[in-house]
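J.: Residue strings, one per chain:
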Amino acid sequence: MIDSQTPCRDLEVISCTPAKDPSLVDLVLSAPGWTCKPGQFVMIRPAHWGAELVWPRPFSVCDVSDQGLRIIFQTVGRGTRRLAELVSGQKVTVWGPLGRWFRIDEARPNLILAGGVGIAPFVMLARREKTDNLSMLFGHRLDLEHYPYAEIADRIKSEAMQQKTMADIAEFETVLSERIKALAGVGQVLACGPEPMLKVVRKYCLLHGTDGQVSLENRMACGVGACLGCVGKTVAGDYVQSCVHGPVFDVREIDLGD
Amino acid sequence: MDQTVKLGSLTLKNPVITASGTFGYGLEFMRYGDLSALGGICLKGISLAPRAGNPMPRIAETPCGMLNAIGLQNVGVEKFLKEKLPYIPADTTVIANLYAQTPEDFGELAAIFSEEDKIAALEVNISCPNVREGGVQFGQDPHMASAVVGAVKKRAGSKPVIVKLSPNVTDVRVIAKAAVDAGADMLSLINTLSGMAVDIRTRKSRLANVVGGLSGPAIKPVALRMVHQVVQSVNVPVIGMGGIVSAEDVLEFILVGAHAVQVGTYNFMRPDNAFRLVEEVRVLAESLGIASWDDYRGTLKV
Chain A
1 MIDSQTPCRD
11 LEVISCTPAK
21 DPSLVDLVLS
31 APGWTCKPGQ
41 FVMIRPAHWG
51 AELVWPRPFS
61 VCDVSDQGLR
71 IIFQTVGRGT
81 RRLAELVSGQ
91 KVTVWGPLGR
101 WFRIDEARPN
111 LILAGGVGIA
121 PFVMLARREK
131 TDNLSMLFGH
141 RLDLEHYPYA
151 EIADRIKSEA
161 MQQKTMADIA
171 EFETVLSERI
181 KALAGVGQVL
191 ACGPEPMLKV
201 VRKYCLLHGT
211 DGQVSLENRM
221 ACGVGACLGC
231 VGKTVAGDYV
241 QSCVHGPVFD
251 VREIDLGD
Chain B
259 MDQTVKLGSL
269 TLKNPVITAS
279 GTFGYGLEFM
289 RYGDLSALGG
299 ICLKGISLAP
309 RAGNPMPRIA
319 ETPCGMLNAI
329 GLQNVGVEKF
339 LKEKLPYIPA
349 DTTVIANLYA
359 QTPEDFGELA
369 AIFSEEDKIA
379 ALEVNISCPN
389 VREGGVQFGQ
399 DPHMASAVVG
409 AVKKRAGSKP
419 VIVKLSPNVT
429 DVRVIAKAAV
439 DAGADMLSLI
449 NTLSGMAVDI
459 RTRKSRLANV
469 VGGLSGPAIK
479 PVALRMVHQV
489 VQSVNVPVIG
499 MGGIVSAEDV
509 LEFILVGAHA
519 VQVGTYNFMR
529 PDNAFRLVEE
539 VRVLAESLGI
549 ASWDDYRGTL
559 KV
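Those protein sequences? They're chains A and B, same order as listed.
Reminder that position 246 of the first sequence reads as 246 in my numbering, one-by-one numbering, no gaps.
Just add 258 to wherever you are in the second sequence, counting from 1, and you've got my numbering.
A few of these clues could be false.
[Said to hold, decoys possible] In silico SDA-like pairs for lysine to any residue, Cα to Cα no more than 25 Å straight-line:
id	chain 1	residue 1	chain 2	residue 2
1	B	K340	A	D255
2	B	K462	A	Q74
3	B	K342	A	Y239
4	B	K337	A	E52
5	A	K233	B	D457
6	A	K91	B	E537
7	B	K462	A	E52
8	B	K462	A	G79
9	B	K340	A	A236
10	A	K233	B	R309
11	B	K340	A	D238
12	A	K233	B	E537
13	B	K462	A	P194
14	A	K233	B	E336
15	A	K91	B	K337
16	B	K462	A	D255
17	A	K164	B	V456
18	B	K342	A	C8
No lab work stands behind these hints, which were simulated from the structure alone.
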């Protein structure tokens with residue numbers, strides 16, 4: 001367990017490896033003694049960054065094991081491009097684990113709905129949880145080999161659908177709807193992926209009366225509940241902070257603007 | 259070296275205060291350090307009624323800085339007193355930051371906080387650029403600034419009153435003088451600079467509010483200049499802030515005449531930064547042979 005007195009630490013980069021598609025990066029940090037729950041996140045800021053980039057970046061934890069703390073991220077902007085340049089031996093400042101995690105219901109079927117790099121937090125889930133009641137449907141844009149799909153598929157029942165055209169996306173939505181409907185009253189879905197996908201997941205959960213949890217991605221400055229920059233809206237109209245009230249929310253609780 | 263610094267009737271253990279809006283209600287940072295070791299914490303702006311704040315997106319990162327348009331989201335004074343204040347550790351110097359839309363409501367807030375033993379001082383926010391009413395327009399008009407400060411001072415009891423100034427004015431000294439003439443015990447500056455960031459692909463502003471307040475290292479030279487100007491023009495203690503990210507930055511503000519500093523965006527860069535800064539400032543001051551802050555303050559050679 002991380003020392004609660006020093007939850008902000010400089011960790012050493014063990015490896016920072018581009019995946020087969022260089023827009024995805026696999027980052028492993030030395031983190032002896034760390035524990036984390038699937039769906040929780042950490043804030044990361046390289047210790048050598050000067051003042052040009054002021055914010056740390058939030059990332060779902062992919063896994064924590066004897067090998068270290070593993071993050072898989074996509075390079076999308078200035079910060080992630082700079083993070084992708086990390087080399088082994090460099091130090092990064094990390095605080096966490098932060099936020100609420102995915103709640104597994106061991107007595108009922110749990111279906112993972114992952115989209116693209118949103119597959120990351122489920123690596124730890126598949127490795128740790130009892131797998132009898134766990135399965136996954138994965139939607140992806142790049143070829144499957146670019147993602148840590150096999151690490152999950154080796155352990156739990158998984159299927160994958162690639163989306164290259166609008167027709168592929170429509171077909172994925174149809175399958176999502178079927179899978180979510182099949183779990184109505186008997187199980188739940190756990191979703192992480194791009195916001196349009198999460199909106200679809202929420203829509204069908206509400207339509208079919210299926211329990212569900214979604215992990216939201218929001219711009220954050222601090223990760224600890226102080227900046228108030230990462231708020232989302234509840235169905236009741238209240239602002240909630242993704243960092244401390246989420247990032248995992250019940251589909252019935254959160255309003256995704258759909 | 260004795261780190262203590264006296265600002266009129268307010269004594270701080272050291273000159274490092276956390277800035278309003280960047281440190282929550284303090285409780286958010288208790289995992290990362292001992293609040294009572296700081297010179298003080300300045301609370302998120304508090305209004306009489308709870309405020310929801312502005313729509314998303316509210317924050318954007320810019321080179322060496324960030325923009326925010328949070329819109330003073332806060333739990334309201336009643337909930338703050340019941341659910342937050344009791345949990346702030348004793349011996350912490352707590353500065354309440356007040357926001358209201360009328361001088362009367364500012365006075366009402368001052369009266370409520372004047373009854374609270376745990377509140378060491380009141381900071382009056384007349385400089386928020388992100389709200390439609392009662393924000394920076396109070397801080398841009400010397401008559402309105404004077405009315406607000408007068409209303410607060412009348413009902414603040416023995417609590418020292420700090421007035422937080424906006425940089426979004428032609429001459430900051432005019433507002434500084436109006437605030438002091440109306441009874442301000444000290445001044446703090448600068449609040450954020452009004453700014454924008456836009457996205458050429460979506461053709462939208464990066465903030466839902468379109469404009470926001472710029473903070474971070476990008477604004478430090480502006481802040482330093484304004485603190486220097488204000489220190490020359492009024493005779494009350496000044497708390498400097500704007501882009502402080504190192505012990506050297508803290509000493510620069512004290513060199514131009516600030517009694518203490520507030521640290522803002524730096525708290526986001528690492529949550530224990532303020533705590534680390536207290537020690538780093540002490541080490542740097544000692545390495546420069548500074549015997550007391552009184553000896554060093556305002557010794558800039560011009």
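J.: Please go over all the hints and tell whether each is borne out by the structure.
T.: Hints, one by one, checked against the model:
Simply put, K340 of chain B and D255 of chain A have alpha-carbon atoms about 29 Å apart, too far for the 25 Å limit, and the pair is violated. Pair hint K462 of chain B plus Q74 of chain A holds up; C-alpha atoms about 23 Å apart against a cutoff of 25 Å. Taking the CA atoms of K342 of chain B and Y239 of chain A, the gap is near 18 Å; set against the 25 Å cutoff, the hint holds. Restraint check: the Cα-Cα separation between K337 of chain B and E52 of chain A comes to about 37 Å, which exceeds 25 Å; the hinted pair is violated.
Of the pairs offered as hints, the one joining K233 of chain A and D457 of chain B holds, with about 24 Å between alpha carbons and a cut-off of 25 Å not exceeded. Distance restraint check for K91 of chain A and E537 of chain B: the Cα-Cα separation of roughly 22 Å lies within the 25 Å cut-off, and the hinted pair is therefore satisfied. In summary, the hint linking K462 of chain B to E52 of chain A is supported, as the alpha carbons are separated by about 23 Å, within the 25 Å threshold. Between K462 of chain B and G79 of chain A the CA atoms are separated by roughly 21 Å; this keeps the pair inside 25 Å, and the hint holds.
With a CA separation close to 23 Å, the supplied pair K340 of chain B and A236 of chain A stays within the 25 Å bound. Straight-line distance between C-alpha atoms of K233 of chain A and R309 of chain B comes to about 14 Å, which keeps the hinted pair within the 25 Å bound. Of the supplied pair hints, the one linking K340 of chain B and D238 of chain A holds, its CA atoms being roughly 20 Å apart against a limit of 25 Å. Pair hint K233 of chain A plus E537 of chain B does not hold up; C-alpha atoms about 40 Å apart against a cutoff of 25 Å.
Between the alpha carbons of K462 of chain B and P194 of chain A the distance comes to roughly 20 Å, so the proposed pair stays at or under 25 Å and holds. The suggested pairing of K233 of chain A with E336 of chain B holds, with an alpha-carbon distance near 23 Å, which does not exceed 25 Å. For the given pair, K91 of chain A sits about 41 Å from K337 of chain B by alpha-carbon distance, which is inconsistent with the 25 Å threshold. Distance hint between K462 of chain B and D255 of chain A is fulfilled; the C-alpha atoms sit about 22 Å from each other, no more than 25 Å.
With a C-alpha separation of about 30 Å, the suggested pair K164 of chain A and V456 of chain B falls outside the 25 Å cut-off, and the hint is violated. For the given pair, K342 of chain B sits about 23 Å from C8 of chain A by alpha-carbon distance, which is consistent with the 25 Å threshold.
Comparing the model with each earlier hint shows violations of hints 1, 4, 12, 15 and 17; every other hint is respected.
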